[in-house]
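J.: Each chain, written out:
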Amino acid sequence: MNGKPKIGVYVCHCGTNIAGVVNVEEVVQFASTLPDVVVARNYSYMCSDPGQALITDDIEKFGLNRVVVASCSPRMHEPTFRKTLLSGGLNPYFLEMANIREQCSWVHEDPIAATEKAKRIVEAAVVKARRLEALDVKEVDVEPACLIIGAGIAGIQAALDIADAGFKVYLVEKSPTVGGHMAQLDKTFPTLDCSACILTPKMVDVANHPNIELMTYSQVEEISGYIGNFEVKVRKKSRFVDMDKCTGCGACAEVCRMAGRIPNEFDEGIGMRGAIYLPFPQAVPAKYTIDKENCLFLSKGKCGESPKCKEACQAEAINFDLQDEIVEFKVGTIIVATGYDVFDARKKPEYAYGVYDNVLTALEFERLVNASGPTGGKIVMLERGKKKKKKEGEEVEPPKVPKSITFIQCVGSRDKSVGNEYCSRVCCMYTAKLAHLAKDKIPDCEVTIFYMDVRAFGKGFEEFYDRVRREGVRYIRGNPSEIFKRGDKLVVKAEDTLTATPLEHETDMVVLSVGLVPRSDNREIIDLLKLSQSSDLFYLEAHPKLRPVDTASDGIFLAGVCQGPKDIPDAVAQAKGAASAAMIPMASGKVKVEAQTSVVNEATCRGCGFCVAVCPYTAIELVEVNRNGWPVKVARVNEALCKGCGACAAACLSGSIQQRSFKDIQILPQIQALGVK
Amino acid sequence: MCAEELDFITKYDLLGCIQCGRCTGGCPVAMRTPLRVRCFMYDTQNEERLEELSERPEIWDCTTCYTCAARCPKGLEPLEVLIGLRSIQIEEGRVQPTVRDALESIFKDGNPWGSPRAKRLDWIKDLEVKILEPEAEETTDVLLFICCTDAYDPRVMKVAQALVKVLQAAEVDFGLIGEDESCCGSEVRRLGEEGLFEMCDEENVELLNSFNVNRIVAISPHCYNTLKKEYHGLKHPVLHYTELVAQLLEDGKLQLKGEIPKVVTYHDPCFLGKQNDIYDEPRYIITRIPGVEFREFDRCRERSLCCEGGGGKMWVESESKEERLAEIRVTDAKELGAEVIAVACPFCLLTLEDATKVKGIEEEMRVADILELLAEAL
Numbered sequence: 001m002n003g004k005p006k007i008g009v010y011v012c013h014c015g016t017n018i019a020g021v022v023n024v025e026e027v028v029q030f031a032s033t034l035p036d037v038v039v040a041r042n043y044s045y046m047c048s049d050p051g052q053a054l055i056t057d058d059i060e061k062f063g064l065n066r067v068v069v070a071s072c073s074p075r076m077h078e079p080t081f082r083k084t085l086l087s088g089g090l091n092p093y094f095l096e097m098a099n100i101r102e103q104c105s106w107v108h109e110d111p112i113a114a115t116e117k118a119k120r121i122v123e124a125a126v127v128k129a130r131r132l133e134a135l136d137v138k139e140v141d142v143e144p145a146c147l148i149i150g151a152g153i154a155g156i157q158a159a160l161d162i163a164d165a166g167f168k169v170y171l172v173e174k175s176p177t178v179g180g181h182m183a184q185l186d187k188t189f190p191t192l193d194c195s196a197c198i199l200t201p202k203m204v205d206v207a208n209h210p211n212i213e214l215m216t217y218s219q220v221e222e223i224s225g226y227i228g229n230f231e232v233k234v235r236k237k238s239r240f241v242d243m244d245k246c247t248g249c250g251a252c253a254e255v256c257r258m259a260g261r262i263p264n265e266f267d268e269g270i271g272m273r274g275a276i277y278l279p280f281p282q283a284v285p286a287k288y289t290i291d292k293e294n295c296l297f298l299s300k301g302k303c304g305e306s307p308k309c310k311e312a313c314q315a316e317a318i319n320f321d322l323q324d325e326i327v328e329f330k331v332g333t334i335i336v337a338t339g340y341d342v343f344d345a346r347k348k349p350e351y352a353y354g355v356y357d358n359v360l361t362a363l364e365f366e367r368l369v370n371a372s373g374p375t376g377g378k379i380v381m382l383e384r385g386k387k388k389k390k391k392e393g394e395e396v397e398p399p400k401v402p403k404s405i406t407f408i409q410c411v412g413s414r415d416k417s418v419g420n421e422y423c424s425r426v427c428c429m430y431t432a433k434l435a436h437l438a439k440d441k442i443p444d445c446e447v448t449i450f451y452m453d454v455r456a457f458g459k460g461f462e463e464f465y466d467r468v469r470r471e472g473v474r475y476i477r478g479n480p481s482e483i484f485k486r487g488d489k490l491v492v493k494a495e496d497t498l499t500a501t502p503l504e505h506e507t508d509m510v511v512l513s514v515g516l517v518p519r520s521d522n523r524e525i526i527d528l529l530k531l532s533q534s535s536d537l538f539y540l541e542a543h544p545k546l547r548p549v550d551t552a553s554d555g556i557f558l559a560g561v562c563q564g565p566k567d568i569p570d571a572v573a574q575a576k577g578a579a580s581a582a583m584i585p586m587a588s589g590k591v592k593v594e595a596q597t598s599v600v601n602e603a604t605c606r607g608c609g610f611c612v613a614v615c616p617y618t619a620i621e622l623v624e625v626n627r628n629g630w631p632v633k634v635a636r637v638n639e640a641l642c643k644g645c646g647a648c649a650a651a652c653l654s655g656s657i658q659q660r661s662f663k664d665i666q667i668l669p670q671i672q673a674l675g676v677k
Numbered sequence: 001m002c003a004e005e006l007d008f009i010t011k012y013d014l015l016g017c018i019q020c021g022r023c024t025g026g027c028p029v030a031m032r033t034p035l036r037v038r039c040f041m042y043d044t045q046n047e048e049r050l051e052e053l054s055e056r057p058e059i060w061d062c063t064t065c066y067t068c069a070a071r072c073p074k075g076l077e078p079l080e081v082l083i084g085l086r087s088i089q090i091e092e093g094r095v096q097p098t099v100r101d102a103l104e105s106i107f108k109d110g111n112p113w114g115s116p117r118a119k120r121l122d123w124i125k126d127l128e129v130k131i132l133e134p135e136a137e138e139t140t141d142v143l144l145f146i147c148c149t150d151a152y153d154p155r156v157m158k159v160a161q162a163l164v165k166v167l168q169a170a171e172v173d174f175g176l177i178g179e180d181e182s183c184c185g186s187e188v189r190r191l192g193e194e195g196l197f198e199m200c201d202e203e204n205v206e207l208l209n210s211f212n213v214n215r216i217v218a219i220s221p222h223c224y225n226t227l228k229k230e231y232h233g234l235k236h237p238v239l240h241y242t243e244l245v246a247q248l249l250e251d252g253k254l255q256l257k258g259e260i261p262k263v264v265t266y267h268d269p270c271f272l273g274k275q276n277d278i279y280d281e282p283r284y285i286i287t288r289i290p291g292v293e294f295r296e297f298d299r300c301r302e303r304s305l306c307c308e309g310g311g312g313k314m315w316v317e318s319e320s321k322e323e324r325l326a327e328i329r330v331t332d333a334k335e336l337g338a339e340v341i342a343v344a345c346p347f348c349l350l351t352l353e354d355a356t357k358v359k360g361i362e363e364e365m366r367v368a369d370i371l372e373l374l375a376e377a378l
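Chains as they are written, first to last, in my numbering: chain A, 1 to 677; chain B, 1 to 378.
Isolated chain A, as found in the complex:
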């Protein structure tokens, strides 16, 4: 294949896209006069089958060993023509694309000047083509296992799909149970399915699936490697409860001296738990966990005479000496499904959340209406922070039932003042659902929703919105501005914008429809996996339309709300998409890695490390080598990690690091041919 270059030049009309401005005949005429050009042709659509056949025929007929296609951006059809070369028996890297569409015909109007420019571009491509080298496409093996971070509904669904397909799944969840936010919900909109009823079977499935290794109360600590070969280190935090012995009977929690004194995260703090606890009855695994910050024995070293939980546990599962465990394993792909936080309503002080007991977030209200919640599903007025009277014989007043409940939409969404410009997509509908449930449970309750726009865009949403209004839920258009107190009533200060009437709306309870925000601990995952964020700070997908579950890093995929607000069906759909995408390399068993990687001339490298600093893929490291008896540091490229971006080559002061197909000796003459002296 070496020896004298024999170049074929193919100029594409692209219909009128190119030929409408550029005189392609003239460009062909010109190309045929260039050194080493054996044949030059034009054709209406080079990417079509007959177009490609022109090339393969000429390779055979003229013994071509280099091909220049003058057409569109290499982003479009470079892969197409590389395959053409391959089928013609040439190394695919003997192709050079001359972009005379995006960089010429589309941006110029003068046909004469555009034709001249097209000639320059083609000549430059020919000059470079003469210097192209054959490159090998390497393949690496793919470990047939997937790490899924986060076991909410997205992580659970992805895990089940991949495991059902026969691949190993490591499902890592930070909290003591799987289920995520969906497990906290009572009903789902707009169908009013019981959230737990549809979720818990899947929770049990991930725990029992032979292909899934579930690690709850665990955190990913380190990830290294690349697609096909990621090395993962996970910390399994000690629960101080032997998972094999614990039967989940709950005898320990009943006797815990801290029982009922610690806000239960799962109940959003409106229900209480002890230091040893199960987040909720259907938690998976159904094993108890000791929260060491709040356990008297673990934090203070003393719990009465001896810890009551230990005495109560017949299975002898409690062991205060249990330590964290570090687990290491290898996977081929990773799915990030870390979910979201709800907006912190304290950032909107005008709504006095945290000041008044009966200003709730929607998620707190969700726990209040949930049959497995702290009130058994009874909607009652809250008395926060007050200890229950314990005196014998004293009558405890039953909690009051609200006569009016008012919802405020868009709290922390569509709001520049808190930095969240986006719509959270779920609040309009979950509010309608909660309003429906409130009306259902307390029929004479006056339920009001203050909104600015109702976005009922999904399947069955508008119908549900219609239904809820007809049930007597009052919608007032106007986003409230303030909450204060008058007597024992809360006053919502707002304007009914449809009638331009300012209101001081009195109510017993206010529910803030808080939006979805990126998790406060997002940074941990970003640092582990080098993920990018979009301007809303959710994780960034590789392409907003066509690669919605991919990330910029090969082999790492996104599922669920960590990528942006979405409802349950959308999160499940994306999870299934991510599972399918992750299974592609695992099913084929091999992945091709970039051939146009960087290469270091170790003889001239000075080991300054600039390339290491600029590499966005951490593909370069400094290693010590022996140079004439002296130990020196030089850069070394991990070709599996290198994406061929060229940043290192641009940064290198001595020209010792070069990118294949873009070496100085290849691109400097090309630039010169463009007329740059």
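I should point out that these hints are in silico values taken from the structure, not numbers from a laboratory. Be aware that one or more of the hints could be misleading.
[As the list claims (entries may be wrong)] If you want a taste of the chain A side facing chain B, the calculated C-beta under 7 Å gives, among others:
id : residue
1  : Asp415
2  : Cys423
3  : Lys485
4  : Lys493
Glycine is no exception: its CB is placed at the ideal position from the N, C-alpha and C atoms.
Please build the complex by placing chain B on the supplied structure of chain A, with the hints as guidance.
T.: Frame of chain A; chain B shown alone:
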């Protein structure tokens, strides 16, 4: 009128408005006046209507408290649209005589109260205070910027006197501008007199920059806000007195020996709280006065209620017959069991004190600036 001034859409980013209603919803005067600032955000998008809209009497009901802007989810400032409409009226000379007189007095004598410049220092009486010389070689730590209302109003000047006593007790090195001191122009800008405000800005910046001081301390939140955020090219840092005094207390430089055995509440001035996020310092000071039992209003801090003293309202009479906000405020204080409403703004002092008289509770409810309480506790 030039086209540039007319372009409300660009100047106030009106197309960014989504008509959510948080501005009017939060507006403290919306319940007692016809003002619907949200409607102005929509209506002023039609250039042809500007003249007519500027003639609406309710544009003068705005107290420029800034609640509408603080609540806007799109970062807009609806109150500025009302000020823009006021400008149209001002430019055509169609203003209430009281407003005209105040503006003329500022132009002529550097204060809105119709008093001569020569009387600007009368409030000092027998206090010994350094008058700063421009371009002095020696640096003075603090320049006290005295609000016109503190300088001329017989009630409010007691606050300025208290400030002098407090700073002297703490041995702070401070001085005054003297008779050359002029109105900051805060109310001028809010009444819509843009040209006169530009003059205040230019002349005051030049004057203030001529003094060799470390910092400027303003007694009024209105002056503080204007000096700090609206002037161009001021080289000294600007503090409100509550920031300085809180620091003096924290550093142990100010000792309080006297006792004030009263139930005290605090009314957040809009220009200090909502507009400059100074909520903690005033509370820090009050709670360090021996004997004080501090109680918060239900509507406090970010949710505080405006007293209606700002935005030029001292010179514009409201047509509303509804209860004034200051009256609601003193009634709330009474229900709270407070004996003293502490304030940190000359306008709040006047409006709330007036409201105690209207409500006939002036005997049982004292309205006092934090500085007056401090001076008594020295």
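J.: Could you run down the list of hints and mark each one as holding or not?
T.: Comparing the hints with the structure gives:
With a least beta-carbon distance of about 4 Å to chain B, the hint placing aspartate 415 of chain A at the interface is held under the 7 Å criterion. Taking 7 Å as the C-beta cut-off, the interface hint given for cysteine 423 of chain A is violated, the closest approach to chain B being about 11 Å. This hint holds: lysine 485 of chain A has a C-beta 5 Å from the nearest C-beta of chain B, less than the 7 Å allowed. Interface hint at lysine 493 of chain A: satisfied, since its Cβ lies 6 Å from the closest Cβ of chain B, which is below the 7 Å cut-off.
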